[in-house]
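A.B. asks: Modelling step: build the complete structure from the supplied sequences, incorporating the hints.
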Amino acid sequence: METNKSFFSQNKAYILVSLGFMALTYWYFWLATIFDLNYVYQFILSIFQGDISGQLVPLEDMNRYQQMEAGVFGPRYDTIAPEITRAFEERQELLPYVFAVEFVAFTIAFIFLGRKKAVISKPDDTVLVYSLFQRVVLLLNIVIMIYLFITGFSITFGNITGGGAIAYFMRWTHEIVGLGWIPIWLILTVIAFKDHKFFKRPSGKLWNKIFLRGKYKPMYRINYYAYVAFGFLLALSGFLLWFIFPTAENYVHVIQFRRLMLFMHFMASAVISFFIFETIYSYVIAVKGYLPGLITGRLPREYLEELRPDVLVEMEKENN
Amino acid sequence: MSDYYARMKFYCDEQRCIQCDGCSVACAEAHELPVGISRRKVITLNEGIEGKEFSTSVACMHCTDAPCEQVCPVDCFYIREDGIVLHDKDVCIGCGYCLFACPFGAPQFPQDGAFGTKGAMDKCTMCAGGPEETNSAKERELYGQNRIAEGKVPVCAAMCSTKALLVGDSEDVSRVYRERVAARGHGVLSAPYGWDTAYGNK
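Quick mapping for you: the protein sequence lines, in order, are chains E and R.
Counting from 16, one number per residue, gives the positions in the first sequence under my numbering.
Counting from 1117, one number per residue, gives the positions in the second sequence under my numbering.
Be careful, since some hints might not be right.
Facing chain R, according to a computed beta carbon distance under 7 angstroms, are these residues of chain E, among others [what the hints assert, rightly or not]:
{"hint": "1", "residue": "V87"}
{"hint": "2", "residue": "F88"}
{"hint": "3", "residue": "A182"}
{"hint": "4", "residue": "Y183"}
Don't read these hints as lab results, they were simulated from the structure.
Where is the CB? At the ideal position from N, CA and C, for every residue including glycine.
C.D. replies: Here is the structure:
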């Protein structure tokens, strides 16, 4: 019975992910980072007040040498820049181990928990689950994210690529394809918002073509909200890094802001990776997926009955 | 004398800089820099405030432990024995990490990549060219003149009309600095800009 389940077992995914985040936050902001945290906090406040320069102390309150430094080189260097260097080196050295640990963890989960597989005796009895619009968005998102991962890695692990024309090509296409991902991220965020049913039961046929059907299980829901939140940070920081082109004229005014944006891009990309891997594991490894469905939009009825009954229930409600 | 080799450094005396922009113009002309690239720039502070206005000229400081070299993912930087920090444009991927790490805003990026993205990084070479064959056409095209190979002073300092901008072995630059401070007879108004950041105690 559902009611006999303990609070922990009902909310296990939320609790474990929250604890993981707390441990990660503690490790990063109290042990690893060499940020001037007080400065960063004040800087973020000043950004929300419309000042992105990072020059928190007015020039007239400084002595001549401090003025000269701030006027020529921008705000205090030792507040954020050393952290950028440290975080970059950490990414180059630590990320391969992080991904290796994640890979091992998912492999262990696969070995012990196995794989759910639907028995399909009537493969021709299919149901249209994804509209053409939904398929285009989902496939574009998959293709673009794979490309951004590869090209992002080619920048981070430039010590392996060694630079040159191909790595240069991948770097600038990372910027341009990343811009193209922003509307895809936004649209997918909207159409995958299955929790809108908490608030309102959409009945029109247009809604059924826009929103993905079904309900989220806890870990799937976490993956979705992580995609929304860290995708937002990635899209915002990536866009601003591209949009605010560094020139000799704007250097003093924007360098500190760009450093903060790059740090945000570093952090968000590292965190979103875990949830992307978890999504791939959940949809393709832990449960035998039906990838042709993403092309044709149709899934076998038996597959839905065994693995995605929530989708069928929703479709029945739509028909009634 | 330095322990091993001359340690090349820049110093701009803001007491002498008259904001003529001769250094930055000379640099741009000598190296035929494209529009938008300013390897050297002159900045004025407290403009219009009597007694407080001053100018200074800034470019790559050729740091001792250059942060750009530490952070470059493709290791396109190299430091010559005389301390001049150079880079290889054929290796550079234009990621811009060097700009985030540089305390002086020296790295410059042409907006000539596809769809207005960054091109390969450009910065002051202290008129020492690049990794290509010395004084070759390719070196000149990518990095500009190689005056150091010809035994000449970098063009910015050579053109400075008030000799505010000094460049050379750190011992010699320090000696001139000390002589000027002593001649003024009122101590220093400011330490050499950026020296503590760029060179530490070395």
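A.B. asks: Are the hints correct? Go through all of them and say.
C.D. replies: Verification of the supplied hints:
A cut of 7 angstroms between beta carbons decides the hint on V87 of chain E: the least distance to chain R is about 5 angstroms, and the hint holds. Because the smallest distance between the Cβ of F88 of chain E and any Cβ of chain R comes to about 6 angstroms, under 7 angstroms, the interface hint for this residue holds. With a least beta-carbon distance of about 5 angstroms to chain R, the hint placing A182 of chain E at the interface is held under the 7 angstroms criterion. Nearest Cβ of chain R to the Cβ of Y183 of chain E: about 5 angstroms, under the 7 angstroms cut. The hint holds.
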